[in-house]
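Q: Chain by chain, the residues:
There are 4 protein chains.
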Amino acid sequence: MIKKITLALVAFFTLTTHLSHAQSPKAEKLKREVVNSVESNYEALTDLSDRIWSFEEIAFQETQSSAALADYAESLGFTVTRGVAEIPTAFVAEYGSGSPVIGILGEFDALPGLSQNKVPYKSPLNEGAPGHGCGHNLFGVASLGAAAAIKEQIESGELKGTIRFYGTPAEEKFFGKLWMIRAGLFEDVDVVMDWHPGPETKTAVQKGLALVDFQVEFFGQAAHASSDPWNGRSAGDALELYTAGINYYREHVKPTVRIHYHIQTAGEVVNVVPDYSRIWVRVRDSSREGLIPVYERVQAMAEGAAIMANVDFKVNLISGVHEILVNRTGSATLQQNLEKLGPISYTDDEQDFARKIQEATGKPQIGLVSKIEPMEETLENSMGGSTDVGDVSWVVPTIRLSATTAPNGTPWHSWAVVAAGGMSIGHKGMAYAAKALSMTMVDLFTNPELVKSVQAEFKEKKGDYVYKGFVPEGPPPINSKLQ
Amino acid sequence: MIKKITLALVAFFTLTTHLSHAQSPKAEKLKREVVNSVESNYEALTDLSDRIWSFEEIAFQETQSSAALADYAESLGFTVTRGVAEIPTAFVAEYGSGSPVIGILGEFDALPGLSQNKVPYKSPLNEGAPGHGCGHNLFGVASLGAAAAIKEQIESGELKGTIRFYGTPAEEKFFGKLWMIRAGLFEDVDVVMDWHPGPETKTAVQKGLALVDFQVEFFGQAAHASSDPWNGRSAGDALELYTAGINYYREHVKPTVRIHYHIQTAGEVVNVVPDYSRIWVRVRDSSREGLIPVYERVQAMAEGAAIMANVDFKVNLISGVHEILVNRTGSATLQQNLEKLGPISYTDDEQDFARKIQEATGKPQIGLVSKIEPMEETLENSMGGSTDVGDVSWVVPTIRLSATTAPNGTPWHSWAVVAAGGMSIGHKGMAYAAKALSMTMVDLFTNPELVKSVQAEFKEKKGDYVYKGFVPEGPPPINSKLQ
Amino acid sequence: MIKKITLALVAFFTLTTHLSHAQSPKAEKLKREVVNSVESNYEALTDLSDRIWSFEEIAFQETQSSAALADYAESLGFTVTRGVAEIPTAFVAEYGSGSPVIGILGEFDALPGLSQNKVPYKSPLNEGAPGHGCGHNLFGVASLGAAAAIKEQIESGELKGTIRFYGTPAEEKFFGKLWMIRAGLFEDVDVVMDWHPGPETKTAVQKGLALVDFQVEFFGQAAHASSDPWNGRSAGDALELYTAGINYYREHVKPTVRIHYHIQTAGEVVNVVPDYSRIWVRVRDSSREGLIPVYERVQAMAEGAAIMANVDFKVNLISGVHEILVNRTGSATLQQNLEKLGPISYTDDEQDFARKIQEATGKPQIGLVSKIEPMEETLENSMGGSTDVGDVSWVVPTIRLSATTAPNGTPWHSWAVVAAGGMSIGHKGMAYAAKALSMTMVDLFTNPELVKSVQAEFKEKKGDYVYKGFVPEGPPPINSKLQ
Amino acid sequence: MIKKITLALVAFFTLTTHLSHAQSPKAEKLKREVVNSVESNYEALTDLSDRIWSFEEIAFQETQSSAALADYAESLGFTVTRGVAEIPTAFVAEYGSGSPVIGILGEFDALPGLSQNKVPYKSPLNEGAPGHGCGHNLFGVASLGAAAAIKEQIESGELKGTIRFYGTPAEEKFFGKLWMIRAGLFEDVDVVMDWHPGPETKTAVQKGLALVDFQVEFFGQAAHASSDPWNGRSAGDALELYTAGINYYREHVKPTVRIHYHIQTAGEVVNVVPDYSRIWVRVRDSSREGLIPVYERVQAMAEGAAIMANVDFKVNLISGVHEILVNRTGSATLQQNLEKLGPISYTDDEQDFARKIQEATGKPQIGLVSKIEPMEETLENSMGGSTDVGDVSWVVPTIRLSATTAPNGTPWHSWAVVAAGGMSIGHKGMAYAAKALSMTMVDLFTNPELVKSVQAEFKEKKGDYVYKGFVPEGPPPINSKLQ
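Protein chains in written order, with this note's numbering: chain A, 127 to 609; chain B, 127 to 609; chain C, 127 to 609; chain D, 127 to 609.
Any given hint could turn out to be false.
Below, a list of computed lysine-lysine pairs in the DSS-like style, where the Cα atoms sit at most 25 Å apart [to be verified]:
1) D:K489 to A:K380
2) A:K489 to D:K380
3) B:K380 to C:K489
Hints listed in this document are in silico derivations from the structure and should not be mistaken for laboratory results.
Chain A on its own, in the form it takes in the complex:
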């Protein structure tokens, strides 16, 4: 099957190359216009990004951030539907009608504990508060900026079809897109685009990892730990035996698998046999297919641990994501636009800021690197992170960008990303992303053959698989106490 796919890819490449040569003068013109649109809105977009940066709102609590984006879209003339998919901070902003329907994703949640000033050394703005350590303040804004540029062309009649911005909350925890997919919000879309802030500028063609999050709760019987521990059945013991089981199991998983856990509680006081414990478990693999049997095994172990400690147990699925179904046809189009745009240029002050961050984080002090690398080969097993964009990519063909918003080598999910994302380095990356995305959407709107090719690759790679998200029954865990 791998061989078959490889052949197919060759075919796509050929086609893509052909299509790209066919770029019309109209497309060229429209690309210049969307780039201009982004530039003319630069101040508004920057201001919006800085406000979201300062809101510092974490997963499912992004009330102000979501409202700021939705309000802005509304002010531009988009039709906005708020609180979709039973999630107060999820929304859809749409403009135009008919085919094609091109979607674009925008995230805006922060990470706990990373609050930081806009300085190139660690310095919390609000000690202990969240911060945009993943650059999502830029993410949502750039995507909306790109959508706005396209909207202008639809409005002026240059483009036909529908542009739809998805305000997608809770990417860092819980994975909000899962419920948006479940609610059917992606059913009529032809192609989706997204991007992500990063230390490099490139088309994003690696799969990342599939993962599943679940909790195990153990329920025992409390007893005084000194007077009559023999009357206690320890939920703490069950949890510890469970983790022992997981660690022994590590020998028996493939090298692409990762299992990690967070002991959330294993008792409250020292002198009582604990009657309750809870652990958050995450299983990852380079594909959902490899993930499933490991997930089932680690779930099953909970019963074993419960039997050993003579307690009851409960396993709760939290959520999980698929690996990215990479679309190389769409990526190749994006790559051309990157090459057309060329690298971001930086001032000496920005490079100085970057080198100070690199110094503070122990990285080579090479400053910002924004040159456009050739499109990478898609590896069978990539490592790195996971994202709920993975799920979207199994439902709609998805084209992904990475744009430079922080110095080369910056450890992600750190104060350094917050710092750079709050000043001109981040702003420039955000604007760059808005341009590259809108240029590629121009290709999608003006070239029906391209959309067909993108969809054909998607269908071939998806094969027989019927998408099923890792989503528990019931409403999204907006006010979950599972923390």
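Using the hints, position chains B, C and D against chain A.
A: Leaving out everything else, chains B, C and D in the frame of chain A:
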């Protein structure tokens, strides 16, 4: 050595019996008067107890409770020294001068999470708030009531000497008396008395358990649990291996030893190799002598766990207590006064309330039992709880009472104790304790031979041991984050 | 219930005392004669003991030892039935007929690895071979000697009834008496006597411990530990998680419980995920009643461990024993005979030998101590060893003796016991035991009231309990590979 | 550095291709003659192989197998030195003199427990005895056959230089070649060849894994597990905590690392706290460089476990091997000879036998596959087995062959390899290997440029590394009890 002590005890008994027969008519009269004093102050004492009950203040945070007791003492004419031993809520209230100096201990801290209404079924007053699940609202008040009764007799010239009330905070956690001993506050006392609320009325002649509390912290290196766990050194692993070591060690401790622990943190999020973990460990044995080698062993294990997980570690002594050095001579005198007082009598409503509590806690519905049992034999190895009165008992001869403040069979440290301690059942036990304590203090003040005998037994039992408390260097952990 | 038993015991004591005062001159005469009988057979008994000592045969392999005893009994005129209870080395030797039927137990198995010369320092006779480290070479011979003395009196018409010697193999492992009980061999006996070699001379009135032995086997799937460990399911992991479970469980058993295990195999080579593992587990408690729930718990854990490691498992009961049902009425009679006999006297050479053993084993060099101590109180929870005599004691009233065959303080199951048991120190203890046992049997044969009282105590203590041995279905494990 | 090597490889390839085109007619002629030599000795070689097959001798005990090969070499005129490197079963057989010196390796040890008849279903020849489950009966013989073919050409003056056969014992355990290298036996060799039986015919250009074997012993204090376990310090606990540590550590090693262990003993009986335990640990990684820090970590853990269980410990290096330093220049030459030889052809009976084996081992029944695949790319991280040829390859440039001696898909180290290696399938592979090896040696003897190129690649890849074998001080573990 055991045989020698046994012989000595026989001698004390004989002496005690003799002394008790020698009770003077004056003592009899004074005992009647101190009993009357308690009764005449019943309303004030009850009010004070109910206020402390409603303050619900936990260890080292008993600001209002401490002030209420100290203010009351001051209002009665005691000389009050607040904030002793570097503890804001510790105080001493004294009256009179010269020999003998008789001390009496009063505790007043509550327990977390036990807030409860004055009803015979579980019903939190303030959900999640602390509650007086150990009856310390009654404890401090009764002791102060007894001191007040004695103070009246000193004031009127009937008794000579000094009565000193110790306001002792943080008995439930940290053990405040340790720092009061360290500050030298018990150096000039002849005999100390105390009591404890309970489900029975008796002289308290069991040793309880010695214990020591300490924390182990592990310091590793964080890493992304999926991308590069091999760059992480897990403080969580160290903690888990440490508890494994403790559990394997259980086979190799004597049956009187108990080891329990509370995992305080073993990481904060699921996808990071944790760089910090902390565990609270408690080791108990029926004596400090047996405790020490186990304590040393469990401390030493921390290094082993740290080596295994390639992390750093730190062991912090929190505090600890000695088992009670029981004074049977003094106890025998107290026993006589209990027999003289006879049991507490209850109304039908109180018995009904008691039976409802027993029903709700799954105990035989036999109501309140307050009859006076014969003085028990002191067992070589008793089980049950631990108290920092243990340390006082190795510094000064200590005579201890248990008085009924809750229905027979009530699980201690539970909502049921809070409920009963906030209404007449608790009040009656408190008044009873104040009477029994002040009557016994009359014996101590009027009979110098008794004091000598009590001290002789203390010295013989203490032998060569030079008291050393389980107290770390530096100030008491008033604002400790070690939780 | 405890109180009731205590009262009953008082009654028995009174009765016993009464009975003992009623000793007839005839009994006195017969006691002198049985003592003479033992003395006149001293050489033959000594020779027999030395032969069994040199056979060094372990559990269920005592072919020569069993034959030597059976042949000797046959040569004396006993009717011998060999190979009873499906055990080749078990036999019964009987003389006389009718009531009472008095049984006496004789063990003769050795312990692995304890071979030793008859010298007071460690010096293996046959390196690695078994040795009589529990003194059973003396045990069987003394009991048979006592039976022979009684047989002479029956033969001469002085006593009426039946004397029956039980040749009971495999006491050290597997517990042969269980199958002898299962075969009904104790159904018609009135009272049983036995003794055990030891470092003291006394009536044996402690309960010892109940225990149960079982094995857990885990069955996984082998795989190359380097190439594809993910295709392996590790029986070794299951075993290790199982022991982890046991060790965590130690916190939750009463102080009288002991759990220990022997990992028999957890894999054969380093580079294969093991598909088989096996562990021998022993659970003990001071009573069968306490034992059962722990036994069930530890068995149940095996399923938990199997689930955690994704393997199959099997639990095999090996065998187990009851604690001793102590008969204080019978013991009191034995005590009188001990006092009548007085202590064993030793030569200077024997004392010198004893002190050398004490020196070599790090004990106080006080030599042999054989004075007769007063009968001990029977403790609620005694510690120490376990024996399958426990099971006999729940089927027939059993009176037990301990006689000195090794220096005070000698660690049992050691080379020192082998050394002393092979020379005159052991021989003297053996002869002493034969005398004390036969004297007490004279009491049983001549005093029907005594037998009734002994049986009455037995019935009262046994209560409603219907004896059920810890014996698996099927034949005894004579050729078991469960090692 | 990787890039540099890649460039270098390109250079080698070019060179190699060039060299191969330069093959002289003389070389062609000699290749035909060495092939004829192998064919004419087919019966003798087959007989020798079958004898070694029937000797079934395991590591360091290959007395008969070694003698049979050495005798045969001697009978052919080789100069044989037996018992080299302090190993009785290691020998060197040499012929000729001067440059080049070409070595060839021959192994001959069997594997425990794999004895098997020459039938296509599992059927032990000698139940429990060893068997040639790795095909080493063929290995040594084919290599000697190839050496003999070269020797004939040297003897006849067609080739100049030295041919040297290394009789290398103990490849399956302990790794005999390590001590042969330590003894300097490879110091003057230009190029070494070897081969290995397998289910495919190809040049062997993967690295395999580096590994290190060591033992950890723990020394505690025995105690009766029931009477006084608190006096015991358990070596068993230490071992179990040690394995727990290893299993927790698995999260923190790179995906190429493998750690496995064999619990050799953790106590002998159920009722004694074990005072001794021993575990055999193996650490592997795709390179020695990656291996070392893991090896050091796992060693260090032993101290941690010892501290936790309060016992002493000792770590003993057993031995270990390097990954293969692959020589692609030499491999390319070998590849040409394979292509010249073409695949092995099989009879219907042989294919039938093969399919029956495939059926019995659950593999696709496709029979024997012997076609010559193109030379593989050398992977950065290959998985699979380890061999002490790895160490030779870091000391001398080494060219390696795999030849078909068992059906496709056969699980190695299984009865199926024994069966096929004892009949014509194995014999054919053996003869094929002898031909391919001798043909390639003809190239090495006749083409000095080839030898230079092979050595140049070796030097470049080896770089600065100064070889150091994983060999403990002292003599080889010939009679080791470390099992």
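Q: CA of K489 (chain D) to CA of K380 (chain A), is that 25 Å or under?
A: Roughly 22 Å separates the two Cα atoms, so the pair holds.
Q: Take the C-alpha atoms of K489 (chain A) and K380 (chain D), compute the straight-line distance between them, and say whether it is at most 25 Å.
A: 22 Å, holds
Q: Would the pair K380 (chain B) and K489 (chain C) pass a check requiring their Cα atoms to be no farther apart than 25 Å?
A: Holds. K380 (chain B) to K489 (chain C) sits at ~22 Å (cutoff 25 Å).
Violated hints for the displayed structure: none, as all numbered hints are satisfied.
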